[in-house]
Each structure stands twice: as C-alpha cells, then as structure tokens.
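K.L.:
One-letter residues, chain by chain:
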Amino acid sequence: MRIEKIKVKEDKTIKEFIDELSLSAVPILLELDGEIFYPDDNYDRKIQAGDRLAVIPIIAGG
Amino acid sequence: MKVQRLNKILLYDDGAARTLNIEEIAEYLRKKLAKVGIEARGNPFAPYPVQDKISDYAKRIASVKIQDAAKRMSFGQEPFYAEIEYEKRRILGKTRTSGVLYNGLELQRIFFEMIPRGERSLEFVHIFFNNRLFATWDENDRRYHARVSLCGIPSIISTTGIVEAPAKPREYYLLKQQYEMLGKDLLELKDRFKGVFIDYEDERLTEVVKGYAMQAVFYSLVGDPFCQDKGCRLYNAHWQDELIFAQLESEYEFCQRHASFLEEMNEN
Numbered sequence: 000m001r002i003e004k005i006k007v008k009e010d011k012t013i014k015e016f017i018d019e020l021s022l023s024a025v026p027i028l029l030e031l032d033g034e035i036f037y038p039d040d041n042y043d044r045k046i047q048a049g050d051r052l053a054v055i056p057i058i059a060g061g
Numbered sequence: 000m001k002v003q004r005l006n007k008i009l010l011y012d013d014g015a016a017r018t019l020n021i022e023e024i025a026e027y028l029r030k031k032l033a034k035v036g037i038e039a040r041g042n043p044f045a046p047y048p049v050q051d052k053i054s055d056y057a058k059r060i061a062s063v064k065i066q067d068a069a070k071r072m073s074f075g076q077e078p079f080y081a082e083i084e085y086e087k088r089r090i091l092g093k094t095r096t097s098g099v100l101y102n103g104l105e106l107q108r109i110f111f112e113m114i115p116r117g118e119r120s121l122e123f124v125h126i127f128f129n130n131r132l133f134a135t136w137d138e139n140d141r142r143y144h145a146r147v148s149l150c151g152i153p154s155i156i157s158t159t160g161i162v163e164a165p166a167k168p169r170e171y172y173l174l175k176q177q178y179e180m181l182g183k184d185l186l187e188l189k190d191r192f193k194g195v196f197i198d199y200e201d202e203r204l205t206e207v208v209k210g211y212a213m214q215a216v217f218y219s220l221v222g223d224p225f226c227q228d229k230g231c232r233l234y235n236a237h238w239q240d241e242l243i244f245a246q247l248e249s250e251y252e253f254c255q256r257h258a259s260f261l262e263e264m265n266e267n
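These protein sequence lines map, in sequence, to chains A and B.
Mapping to numbering that gives the first Met the number 0: the first sequence position 33 is 32, numbers consecutive.
Mapping to numbering that gives the first Met the number 0: the second sequence position 134 is 133, numbers consecutive.
Hint data in this document are derived by calculation from the structure and do not stem from the laboratory.
Do not take every clue at face value.
What the hints assert, rightly or not - Here are some chain B residues pointing at chain A (derived, C-beta under 7 Å): (1) L104; (2) T135; (3) R146.
Claimed, not checked - Lysine-lysine pairs mimicking DSSO-like chemistry, simulated, CA-CA at most 27 Å apart: (4) K7(B) to K4(A); (5) K8(A) to K1(B); (6) K183(B) to K4(A).
No experiment lies behind these values; they were computed from the predicted model shown.
All C-beta atoms, glycine included, are put in the ideal place defined by N, C-alpha and C.
Turn these sequences into a full structure, and let the hints guide you.
P.N.:
Structure representation (structure tokens):
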C-alpha cells in the first residue's frame with residue numbers, strides 16, 4: 000500500500016470515510032489541506048465533497 | 000512515479016547510541032539531497048524541561064510497553080510507578096533502555112504529538128533516532144515482531160532494533176542455547192561471531208543508519224521506502240547478513256533506478 004490521494008465524493012465524517020474504505024484496522028495517517036492527523040483522533044471531523052485526502056500507510060521495516 | 004516535494008528533513012536523537020554520529024548522517028543526507036534543507040534538532044524531549052511534561056511523556060511511554068509478545072496489547076493499560084520512573088530517567092538520559100519492548104505504532108503516536116503542528120505535513124521528513132526496541136503486531140502468526148524502523152510521521156529508527164530485529168545466523172542461536180545451558184560466557188560467543196552481525200555500540204552503526212534514513216526519505220518522497228535489490232540501501236533486510244551487505248558491502252549504494260532518481264532530483 001502506498002500513499003494515495005482520494006477525492007471525497009460527498010460530505011461525510013472521517014469515520015465514515017475510513018469505514019467505506021475498510022481501513023479501520025490498518026495503521027494509517029490522513030492528510031487534508033497539508034495537515035496530517037490520526038483518523039481515530041478525528042472521527043467526528045467533517046469532510047466535504049471535493050476534498051482530497053491523502054491516505055498515508057505506516058510501514059514497518061526490518 | 001508521483002514525487003512529493005520536500006521542504007526539510009529534520010533529525011531528532013535522544014542519545015540513541017554512543018557510536019551514532021547524527022552530524023555525519025546529516026552531512027550524508029545533504030550530499031544525497033542537495034536541494035532539501037537538513038536540520039539536526041537534537042533531543043526531542045529537550046524543549047520540555049518542565050517536570051510535569053516529562054512525567055506525562057514518561058507515563059505514556061511506559062503505558063505502551065509490550066508485556067507479552069504473543070498477546071496483542073490492550074490500550075489504556077496503567078503502568079506501574081516504577082515503570083514511569085524508569086522512563087523518566089530514560090528521558091532525562093540517566094539510564095539506557097534495555098530488555099524492554101514497546102508497541103511501535105503507539106510509540107510513534109507519542110512522538111507524532113511532539114512535532115509542531117505546522118510541520119505535520121508530507122513536505123517535512125521527521126526522523127527520530129532512538130534506542131527503544133519496538134515491535135509491530137503480525138496477524139498472520141499472532142505475535143509481535145521487533146522492527147528496525149517504522150516509516151510514518153515521524154519515521155522512527157531504533158538502534159537497538161538494528162541489533163535485535165534482523166535475525167542473526169541460525170548457528171548463533173543454536174550455540175547461544177548451548178552456552179546458556181552450560182552457563183558459559185555469552186561474550187565469548189559474540190567474539191566467535193564478531194563482525195557477522197551489528198552489535199551494541201558497533202562502530203559501523205552510523206554507516207548502517209544512513210541507509211535507514213534514506214528509506215525514511217524515500218517513504219516521504221514516493222510512498223515506498225524499500226527496494227527489491229539486495230545491494231541497494233533501500234533493501235528491507237530481515238537477516239543480519241542481508242543488512243550488512245545492503246548497507247556496508249554492496250559495490251553500489253543504490254540500485255540504478257534509485258540512483259537515477261536521486262540524480263534527477265538533484266538536477267531539477
């Protein structure tokens with residue numbers, strides 16, 4: 000999994016966004032408008048149609 | 000390949016190892032990434048001289064200790080007073096961590112909050128060097144596995160992980176069991192395998208860590224820290240001999256693809 004930018008199609012919350020992509024069990028960060036945050040700290044945050052969210056996977060090495 | 004523009008690479012180090020030379024790593028990155036600013040920020044805990052803040056971090060770090068590598072940890076576990084005090088001493092540089100395993104993702108989350116809000120962006124590469132040994136849970140065999148690095152915001156690189164995470168030769172573990180059963184000195188065993196794996200306070204550590212720092216940089220640049228080429232510094236080594244080959248013995252630093260990528264980046 001690589002960093003991927005996803006265009007939001009309709010207004011929703013971060014929680015809804017994560018659930019739709021089945022990402023709740025995957026270690027990721029999100030970026031919106033240049034700001035990176037943990038999704039579960041921002042579940043109630045509202046995102047709007049047209050927003051571009053970067054899904055940033057956390058990758059372990061070694 | 001989509002490339003992220005980088006503003007700055009920021010290095011943090013809370014005294015990870017005596018043989019880790021951060022300034023040398025910074026200089027190496029300056030040469031490899033001529034157009035990106037590199038800044039060594041020192042100890043990430045240093046801006047928090049207030050005792051309450053140190054206690055808070057100590058408590059949070061103590062709460063992400065893994066008690067049993069075969070049991071997925073539950074969150075919000077309350078650490079013992081002695082564990083908090085130990086972490087406090089560790090933060091203040093009065094002791095070194097050893098024999099403790101931490102949940103890497105949770106440790107990373109604590110470090111994330113230490114990054115100024117204005118710098119929590121993909122344009123900034125934050126790399127925390129530390130000597131805490133951390134692990135991530137693997138659902139396939141349902142246990143924690145020690146790791147060298149965890150790429151994210153920040154990327155964390157463990158000097159203890161470099162020693163403990165990639166496997167040593169099988170013969171070493173067999174002999175270690177025998178030595179332990181017979182009560183023999185393990186230092187003698189280490190002498191027999193001298194140079195075959197990276198050890199604590201190894202003089203080769205700085206050179207090895209340069210490659211891991213580059214993995215963190217490529218993670219931010221293109222989203223993928225690794226390369227399949229065993230001779231490339233971006234190779235994700237799982238054995239000590241692989242690590243030593245990729246970081247120290249290979250005839251080239253980077254495979255052709257990644258070398259060209261860096262060249263182009265420095266030209267444009």
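K.L.:
Sort out which numbered hints this structure fails and list those numbers smallest first.
P.N.:
Per hint list: single violation, 6.
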